Amino acid sequence: MAAPYDLDDDGVVVIIGSGAGGGTLGTQLALKGIDTVILEAGSRHETWDFINDEWDSFSQLAWKDKRTTSGDWRVSRDFPNLPAWIVKAVGGSTVHWAGASLRFQEHEFKTRTHYGEIEGATLLDWPIVLSEMEPWYAMAEDRMGVTRTNGIPGLPGNNNFKVLEAGARKIGYKEVHTGRMAINSEPRDDRASCMQIGFCFQGCKSGAKWSTLVAEIPKGEDTGKLEVRPDSQVLRIEHDASGKVTGVVYADAEGREQRQKARIVCVAGNSIESPRLLLNSHSSMFPDGLANGSGQVGRNYMRHTTGSVYAVFDKPVHMYRGTTMAGIVQDEARHDPSRGFVGGYELETLSIGVPFMAAFLDPGTWGREFSTAMDEYRNMAGLWIVGEDMPRAENRVTLSEETDEYGMPVANVHFDDHENDNAMREHAYRQGAAIYEAVGAVRTIRTPPYPSTHNLGTNRMSESPEDGVVNRWGQAHDVPNLFVSDGSQFTTGAAENPTLTIVALALRQADHIAGRMAKGEI
Amino acid sequence: MARHISQVAPSRRTFLKAGGGLLAMTVMPSGQIVGRAWAQMPRSTKPETFATLVQMSRDIYPHDQIEDAYYAKAVGILDEAARASEAELALLEDGVAALDQAARDKAGVAYGEVPAEEERVALLKAIEGEPFFQKVRSNLVVGLYNQKELWPIFGYEGASADKGGYIDRGFDDIAWL
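Chains as they are written, first to last, in the numbering used here: chain L, -17 to 504; chain B, 55 to 231.
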């Protein structure tokens, strides 16, 4: 039975956001017996509510509130008010994610050390090392039921994967498989195995895919120690004269302002909303925003170096059948500057339906160049590039002059590609095309980056309070009872999909918070 | 049949208001008259404007296997929006008028009567940065490609959860690799 907590209960931990970070943290705290309230801006949609239709599902799940963009990234030109494709619903973007669950590599926690000084980039070593994260990764993999871990078999490869695999092996790639996926390849954790529905991005209708909505939050609620309050958009975090946070003000479903008191506040609204909220929580004590003594809140916004390659064959592929992320090539994920860039990238299959292909294949292009590609949809295979991008101080989330319906300034997302990002993308486009040409592609198409799904880094973790917003536990350097619990705490982005690391950090943070609370330290 | 219509010089085309919609009639070289009723009746734009928008839509995203009726359905969204907004209506009417003028200057006939697709495309290329063109183009991204009836033409099967997914329906049936 979900616990209802009183607005004046100042003993609760308040978590803002219910995605990979917030949903996991809230559940884990509840399992440890701690009174927890999750405030989620979006509504609650259950598995059976999800829609196998791209635009209808987008209307149902996507974060569509206005944002603005600037910078030279192509997303700003193609989708000026949609910098990110993330979810506004209970479960956050774990409802939408494709399930890829990869650990970071050792060097990716120490990029400043391994990559050296890169001009125009703000590389910094994480205050954590891989060995310290390993037990938390292991716990996360077990909890999420990641294939190829814990004796769980890999998923079967669909058509899109088979094309990728055949081409990749032909050009000499070795690390090619159907991925480490938080999608059940066999029944586990009271959830069924994958039916190869496709539409992973639209919310899994069989429940085979791990999300905080289906696999975490219900367990937290069962303890009676977790309340998830949907349709609750947090507007600002409040603090007392000593600089400790005391609660949050949020707009409820009817748009009325409510004040929820708190012992601890954890921010997990994804890397655009989290800094937006901290910046908007300015006061005479924190004139530049809460936890922003360093001036780092909102900076170093990262989004992975991405892009897609779609290839046309002369025979059918039907890439949309089955899991969206159906397999991976990992050979290029290493750090090897001889390729002309630092860091590495993964190549992962991706498919989108005809409606989204029309919108994303090459936004703005028209005529037969475009329509003849669409005509070949059934004969297409596709992959997505996921590479480490360079953190930059000026790539940042700021508050715009414009305000939303609650009078809160909307976020502006500024991003300029670093030359390292461009060099990596070019390399990946070339390798992606080579994979498909090796198995007879008659045409390959370079699809520019989609609105960002991996939004990272805007409240970066740092050893020193001058360099970042939070310490090694995600605790704000400036405010002892304020934590950041999402991907915005990433110091650098690594080449891997971020969810597993967000979950592992959340589990680790839950342990830390519970320990400190038990000792009466926070 | 639609393929033939699009390959015939549009100068042979006429548009008649008929029944509940617009009838596009094409006189084939044989003298045979081919007609195709669109479900859409222009509600705000002039019939000639509507017909030009349909031709323009086809030229923007030309799919020979898709009949005009589907382009007309997409244009119907613009036409409907223009009912409620004088500015939207003016954008369409003025845009088509300017396009027709450009066509007359260059080819001596209105846009819809310019025989060759390449010539019509060149006329569109000259205005592709303008709000009128972008309005018509961006409307098609969803207005055309999100028509479920068209998905089978592209080989896309749409929703699958209600059919049990593809686990037993060919998710890994590729045989030519």
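Just so you know, the hints here were simulated from the structure itself, not pulled from any lab data. Treat the numbers as computed from the prediction; the structure is a model and nothing was measured. Check the hints yourself; a few may be wrong.
Over 12 Å on every C-beta distance to chain B, these chain L residues come out as not near it, computed from the model [what the hints assert, rightly or not]: (1) Asn34; (2) Asp35; (3) Gln87; (4) Lys144; (5) Gly180; (6) Lys187; (7) Asp213; (8) Gly304.
Ranges between beta-carbon positions, derived for each pair [claimed, not checked]: (9) L/Gly(-7) / B/Asp222: 31 to 39 Å; (10) B/Lys217 / L/Ala500: 45 to 53 Å; (11) L/Asp47 / B/Trp230: 42 to 50 Å.
Here chain L is said to cover these stretches of chain B; the calculated rule only asks that three of the stretch's residues, wherever they fall, bring their Cβ under 8 Å from a Cβ of chain L [said to hold, decoys possible]: (12) 138 to 149; (13) 203 to 213.
In this text, a Cβ means the ideal position worked out from N, Cα and C, and glycines have one as well.
Q | Separation of L/Lys187 from chain B, once the least beta-carbon distance is taken, above 12 Å | A | 4 Å, violated
Q: Just double-check L/Asp35 for me: nearest Cβ-Cβ distance to chain B has to come out over 12 Å.
A: 6 Å, violated
(Q) According to the definition I'm using, a residue is off the interface if its beta carbon is farther than 12 Å from all beta carbons of the partner; does L/Asn34 meet that for chain B? (A) At about 4 Å from chain B, L/Asn34 fails to clear the 12 Å cut-off, so the statement is violated.
(Q) Quick check for students: does the CB of L/Gln87 sit more than 12 Å from each CB in chain B? (A) 30 Å, holds
Q: With a C-beta cutoff of 8 Å, work out whether three or more residues of the stretch 138 to 149 of chain B approach chain L closely enough for the coverage to hold.
A: That given contact is violated, which follows from only 0 residues of the stretch 138 to 149 of chain B lying within Cβ reach (below 8 Å) of chain L.
**Q.** Whether the CB-CB distance between L/Asp47 and B/Trp230 falls inside 42 to 50 Å
**A.** 46 Å, holds
Q: Hey, is L/Asp213 genuinely clear of chain B, shortest beta carbon separation above 12 Å?
A: Label holds. Min Cβ-Cβ 26 Å, cutoff 12 Å.
**Q.** Coverage of the stretch 203 to 213 of chain B by chain L (three or more Cβ within 8 Å)
**A.** holds (count 8)
Q. Do the beta carbons of B/Lys217 and L/Ala500 sit within 45 to 53 Å of each other?
A. 51 Å, holds
Q) Taking the minimum C-beta separation from L/Gly304 to chain B, is that value above 12 Å? A) Per Cβ check, L/Gly304 is inside 12 Å of chain B; nearest 4 Å; violated.
(Q) According to the definition I'm using, a residue is off the interface if its beta carbon is farther than 12 Å from all beta carbons of the partner; does L/Gly180 meet that for chain B? (A) Label violated. Min Cβ-Cβ 6 Å, cutoff 12 Å.
(Q) Just want to verify: L/Lys144 was marked as not at the interface with chain B; is every Cβ pair farther apart than 12 Å? (A) 5 Å, violated
In the structure shown, a violation is registered for the earlier hints numbered 1, 2, 4, 5, 6, 8, 9, 12, in ascending order.
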